[in-house]
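All chains, please: the whole structure from these sequences, using the hints.
As you go down the protein sequences, you meet chains A and B in turn.
When we follow my numbering, the leftmost residue of the first sequence carries the number 1177, and every step to the right adds one.
When we follow my numbering, the leftmost residue of the second sequence carries the number 2, and every step to the right adds one.
Hints were generated in silico from the structure; no laboratory data involved.
Treat the hints with care, as some may be off.
To be verified - Covered by chain A, per the in silico footprint, the following chain B stretches (three or more residues, Cβ under 8 Å): (1) 24-30; (2) 37-47; (3) 251-261; (4) 310-321.
As the list claims (entries may be wrong) - Chain A stretches covered by chain B per the calculated footprint, using a threshold of three residues with CB under 8 Å from any CB of chain B: (5) 1226-1239; (6) 1292-1305; (7) 1315-1321; (8) 1484-1490.
As the list claims (entries may be wrong) - Chain A residues, not near chain B, derived (Cβ > 12 Å throughout): (9) Ala1210; (10) Gly1217; (11) Leu1252; (12) Ser1256; (13) Phe1275; (14) Leu1308; (15) Gly1310; (16) Asp1330; (17) Leu1444; (18) Ser1470; (19) Trp1479; (20) Leu1493.
Quantities reported herein were computed from a predicted structural model and do not represent experimental measurements.
Every residue gets a Cβ at the ideal spot worked out from N, C-alpha and C, and that includes glycine.
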Amino acid sequence: MKTLALPRQLPGRLPRNYLPVLVTGALFIAMFTAGGIRYEGFATGQIILNVFIDNAFLLVVAVGMTFVILTGGIDLSVGSVVALTTMIAASLLPSTPSFLVILLVLAIGGVLGAAMGAIIHYFEIQPFIVTLAGMFLARGLCYTIGTDSIPITDPTFTAIAQTRIDLAPELWISPTVLIALAVVLVATYTLHYTRLGRNVYAVGGNEQSALLMGLPVARTKIAVYTVSGLCSALGGLLLSFYMLSGYGLHAVGMELDAIAAVVIGGTLLTGGSGYLLGTVLGVLVLGLIQTVISFEGTLSSWWTKIVIGLLLLVFILLQRLIVTTGVSRER
Amino acid sequence: MKRLAWPAGILAALLLVNLIFTDHFFQIEIKEGHLYGSLIDIFRFGAPLILVALGMTLVIATKGIDLSVGSVVAISGAMACLQISTLPSQDSIGGVLGAIGVALALAVALGVGNGFLVAIVGIQPIIATLILMVAGRGLAQLITDGQIITINSDPYKLIGGGYWLTLPFGIIIVAVVLALIAFVTRRLALGLLIESVGGNAEASRLSGIRSHGLLIVVYAFCALCAGIAGLMISSNVSSADGNNAGLWIELDAILAVVIGGTSLAGGRFSLGGTVLGALIIQTLTTTIYSIGVPPETTLLFKALVVTIVCLLQSPAFRAKVFRSRRKPAPPTVPAGEKVTVRT
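Next up, the structure:
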């Protein structure tokens, strides 16, 4: 992967920066192996592909969340923006061409994100509160459009939903996975090979220093919330392909899943440190937990939440350990 | 008191809307020895939120935040209902008290866990409590076994739905807790200690304040408040729902605290402001129902009010919009101007 081959890091620092990502990767492989030993028919390629298919929208949303968290912010509005997107798409599709709907919802997501970013930066209000208001706003707009679930019957949307791309015999993916992977690749390129990416890491590392260095802090901060809004809208589109319906109660609590995926993927919530590869692995781990619990059969669905909570605890303690040992070594 | 002007003004404006649009809004009457009226209802239904927000105020004063209160609400309600449902007689006062004790002890234990992660391990509060927020919903459902436990216990019903001395019992609980917090933080030194930990945890530790212990106590107290709120909510409907009880109450509570003028940056807090903030949120909900706006739009109004209140309280916003009114430039202005020039 590109992130692992990233040059220009001091050799001595490499293991510490990549350790959380490596641990998440190891955890994923360990879970997959353990599942393969324990359950019949688990250790197939299609299981991993299914995790991708079922979590493509979460992956896209988590990519946007990674940008925000890298700058030291947080975006609580993503779940509601996803729901708003499905709702707008479902209510407009019968009368509007699908490509217009797609462009419109992406624009709405981007504008909403940019507006929140601007308020956060120019009026110096905490991201937590601003995006919380954004969350209420988007969810409220959903309920204003309608309180019932609206089915999507548009031919383009149903065609995307039903397409199966065969990779090999008995291995297939949906187009949504391709879109999600494309988003991951573009985002990785942006973070590591463009000025915007450098600025994101710099602002997250120390906003004051970034400002004094002459970096465009305002533009960067507004940009990351715009990216997150765009990703949420795109995630909402992927969810409407997956569910073929628009509903105000879609994606309730998805912001927590996205934050959990980013944290499990080793990105520091204080900002400035983390990799998109980690986020991808974080989403895969969350998806695999659900798969394992459904294979187990006797475990109820709420164990998912408990296991995710425990994993969060372990990973946060691990990060804490890495940071403290790092500091003491530097002293 | 100047700090309370904005929230008090907003609350007055909301009440004024009600005065114009709703008949008999300010009417309070006594039926069968109980107080009734829209104003009483605002207090009664707002009681759990006020409690949670009071606990949250102290946490935020230490520069922390507690996202797990909603889960603690669900867990404590679930635990109490589970205990009561196993009693031979659900009306036995001793048994109900025992159940309440177990539920609150569990809540305090969870709060101590949060405090431990924040104070001793040194994790950012938002993350440390996120763990319990995610896992706690699962725990609550584990306790209720995914079912909604319904109970039929008169003594338990009193907490959330009952009356005592003509007042709803929930209001009395809130008044007692508020008086207790106000006495402990404003008449004793504890409030000063909490504010100093919020201002600078390391400096206050060096000056001899046991900040670690204090933090754990504050998080435990916040969880205790959430636990009591959980009892109220589950007692009001005589059932425990692990999935939906107290859903998003953490966000409402944080809003109440912020609207009340307590800064998320820590170091100072206003109990009166928090109560006002919680009342604003509850009045907003009641207003929307009573003036006939579709209840689906509650969230839109909430978003609007939150944005307005936060903008009004932001020094940067006031400096930019009402620049001419301010003679001494606040310290945030130069940084802001630099940024505007550069973009």
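Decide, holds or violated, for the assertion that all CB atoms of chain B are farther than 12 Å from the CB of A:Leu1444. violated, 9 Å
Was A:Leu1308 rightly flagged as not at the interface, with every chain B Cβ beyond 12 Å? violated, 6 Å
Non-interface claim for A:Ser1256: all C-beta distances to chain B beyond 12 Å? Nearest chain B Cβ is 9 Å from A:Ser1256, so the label is violated.
Classify the label on A:Gly1310 as holds or violated, using whether its beta-carbon is more than 12 Å from each beta-carbon of chain B. The assertion about A:Gly1310 is violated, with a minimum of 7 Å to chain B.
Examine each Cβ of chain B, and state whether all of them lie more than 12 Å from the Cβ of A:Gly1217. holds, 27 Å
Just double-check A:Leu1493 for me: nearest Cβ-Cβ distance to chain B has to come out over 12 Å. Per Cβ check, A:Leu1493 is inside 12 Å of chain B; nearest 7 Å; violated.
Check of the stretch 1292-1305 of chain A against chain B for coverage (Cβ-Cβ below 8 Å, three residues minimum): With 9 residues closer than 8 Å to chain B, the stretch 1292-1305 of chain A meets the three-residue bar; holds.
Residue count check for the stretch 251-261 of chain B against chain A: does it reach three with CB-CB under 8 Å? holds (count 4)
Would the least Cβ to Cβ distance between A:Ala1210 and chain B come out above 12 Å? holds, 21 Å
Beyond 12 Å on every Cβ pair: is that true for A:Leu1252 relative to chain B? Violated, because the least Cβ-Cβ distance between A:Leu1252 and chain B comes to about 8 Å, which does not exceed 12 Å.
Tell me if chain B covers the stretch 1315-1321 of chain A under the three-residue, 8 Å CB rule, please? holds (count 5)
Given as covered by chain A, does the stretch 37-47 of chain B meet the bar of three residues or more with CB within less than 8 Å? violated (count 0)
Hint check: violations occur at hints 1, 2, 5, 11, 12, 14, 15, 17, 19, 20; the rest are consistent with the structure.
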